[in-house]
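Q: Below, each chain spelled out in residue letters.
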Amino acid sequence: MKTTEFTLDLQAYVDGELDASHRAEVERVLASDAEARALVEGLRQLSELVRTHEPLARVPESREFYWSQIQRRIAAAEVAEGREARPASGALNWLRWLAPALGVAAVAVFVVLPRPSAETTTLASNGPVEDAVSMTFRSDADGVTIHWIN
Amino acid sequence: MTPSIRVPRWLAFLLLIGLPVWGATLRAAEAHYQVQLVWGTDDPNAKSGDMKVLAPEIRERLRQLRWKSYFVVKSEIASIPAKESKRVALSDRCAVELKELPNGHLEVKMFSLKPGSDSKEVASKTMSLKELAEGKLIIYAGDSKDRWDDAWLVIVGEDKPAAPPKP
Numbered sequence: 000m001k002t003t004e005f006t007l008d009l010q011a012y013v014d015g016e017l018d019a020s021h022r023a024e025v026e027r028v029l030a031s032d033a034e035a036r037a038l039v040e041g042l043r044q045l046s047e048l049v050r051t052h053e054p055l056a057r058v059p060e061s062r063e064f065y066w067s068q069i070q071r072r073i074a075a076a077e078v079a080e081g082r083e084a085r086p087a088s089g090a091l092n093w094l095r096w097l098a099p100a101l102g103v104a105a106v107a108v109f110v111v112l113p114r115p116s117a118e119t120t121t122l123a124s125n126g127p128v129e130d131a132v133s134m135t136f137r138s139d140a141d142g143v144t145i146h147w148i149n
Numbered sequence: 000m001t002p003s004i005r006v007p008r009w010l011a012f013l014l015l016i017g018l019p020v021w022g023a024t025l026r027a028a029e030a031h032y033q034v035q036l037v038w039g040t041d042d043p044n045a046k047s048g049d050m051k052v053l054a055p056e057i058r059e060r061l062r063q064l065r066w067k068s069y070f071v072v073k074s075e076i077a078s079i080p081a082k083e084s085k086r087v088a089l090s091d092r093c094a095v096e097l098k099e100l101p102n103g104h105l106e107v108k109m110f111s112l113k114p115g116s117d118s119k120e121v122a123s124k125t126m127s128l129k130e131l132a133e134g135k136l137i138i139y140a141g142d143s144k145d146r147w148d149d150a151w152l153v154i155v156g157e158d159k160p161a162a163p164p165k166p
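Heads up: the protein sequence lines correspond to chains R and X, in order. So for the first sequence, numbering that gives the first Met the number 0 puts the first residue at 0; every next one is plus one. So for the second sequence, numbering that gives the first Met the number 0 puts the first residue at 0; every next one is plus one.
No lab work stands behind these hints: they were computed from the structure. All C-beta atoms in this analysis are idealised placements derived from N, C-alpha and C, irrespective of residue type, glycine included. Any given hint might turn out to be false.
Here are the in silico distance ranges between beta carbons for each label pair [unchecked claim]:
hint : chain 1 : residue 1 : chain 2 : residue 2 : range
1    : X       : 41        : R       : 104       : 45 to 55 angstroms
2    : X       : 114       : R       : 98        : 51 to 61 angstroms
3    : R       : 149       : X       : 31        : 23 to 33 angstroms
4    : R       : 149       : X       : 16        : 38 to 48 angstroms
5    : R       : 140       : X       : 51        : 20 to 30 angstroms
6    : R       : 109       : X       : 91        : 51 to 61 angstroms
7    : X       : 41        : R       : 149       : 32 to 42 angstroms
8    : X       : 15        : R       : 149       : 52 to 62 angstroms
9    : R       : 99        : X       : 62        : 23 to 33 angstroms
Extracted from the complex, chain R is given alone in its bound form:
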């Protein structure tokens, strides 16, 4: 009868936990010991049964874990998009600035250019930059347009 220590060695052999020298020693014993071979075969079958039929125990996902997964996926997707977009944006990087630049330019043009007012039916221009006129009053009934200068 084999000792308990040798039985544990067999179990370790079945589980693939022995180093090369121990494994070689066990295999040498197995070659000459039928009882040991039967025990190893039984252990393998048991291991296979347990591996095949043991129910998986799943840890329930917490709410925090669920959302952290989503967060990680979003972060991973952003990184992936950045990697994909980088080659194109390298060449056309200025396009990202074009839209806001055009917006700023449009606002500047809108502010700087003289805008038509209610006077435009009567007055074609509003004069020089240093126009001192602070107010314009027009009366069609009286036929007068008064430009008040400060």
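We have chain R; now place chain X onto it with these hints.
A: Leaving out everything else, chain X in the frame of chain R:
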């Protein structure tokens, strides 16, 4: 014996017909505008005997302004040749420059004058010649720097402006 000059009848006819037409053409080529410097005040009397009361038809059209009296300090008729401008000095402090623009408007520039320095343009406005021909007026105005609560006005209109348009 005095030698008589014989003018051919055809030439006399041409001169008779042509001279008025030529004169009228010359006048038509020039535009004529009345430019008046006016003092607005609540005083019933002018501060100088040279000042005349503003014409009632123009005074009536200033009814939106609050002053009780308006006196003409200076009045000029500016004749503007086509494509040229004409500057009218109204006082030692201000002048206006008139020019008919190709777009059918009269440009009226206001200048501030200071002794010993160049004139400075302070405003430029336009009004269509069509409206001016209808008798409308373009007016610059401001508070008087000489006298509290008084005002000055520069009134520009076609020479002999027509009656105000009916609303």
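Q: Next step is simple, just say for each hint if it's right about the structure.
A: Evaluated hints:
Between residue 41 of chain X and residue 104 of chain R the Cβ separation comes to about 52 angstroms, which falls inside the hinted range of 45 to 55 angstroms. At about 56 angstroms, the CB distance of residue 114 of chain X to residue 98 of chain R agrees with the hint of 51 to 61 angstroms. Taking 23 to 33 angstroms as the suggested C-beta distance range, the pair residue 149 of chain R and residue 31 of chain X conforms, at roughly 31 angstroms. Take residue 149 of chain R and residue 16 of chain X: their Cβ atoms lie about 55 angstroms apart, and the range 38 to 48 angstroms is violated.
About 26 angstroms separates the C-beta atoms of residue 140 of chain R and residue 51 of chain X, a value consistent with the hinted range of 20 to 30 angstroms. Checking the proposed 51 to 61 angstroms range against residue 109 of chain R and residue 91 of chain X shows it is violated: the Cβ atoms sit about 42 angstroms from each other. Restraint check, residue 41 of chain X to residue 149 of chain R: a C-beta distance of roughly 21 angstroms breaks the suggested window 32 to 42 angstroms. Distance hint check for residue 15 of chain X and residue 149 of chain R: the Cβ-Cβ separation is about 57 angstroms, which falls inside the suggested range of 52 to 62 angstroms.
Range check, residue 99 of chain R to residue 62 of chain X: Cβ separation about 53 angstroms, and the 23 to 33 angstroms hint is violated.
This entry does not satisfy hints 4, 6, 7, 9, going by the numbered hints stated previously.
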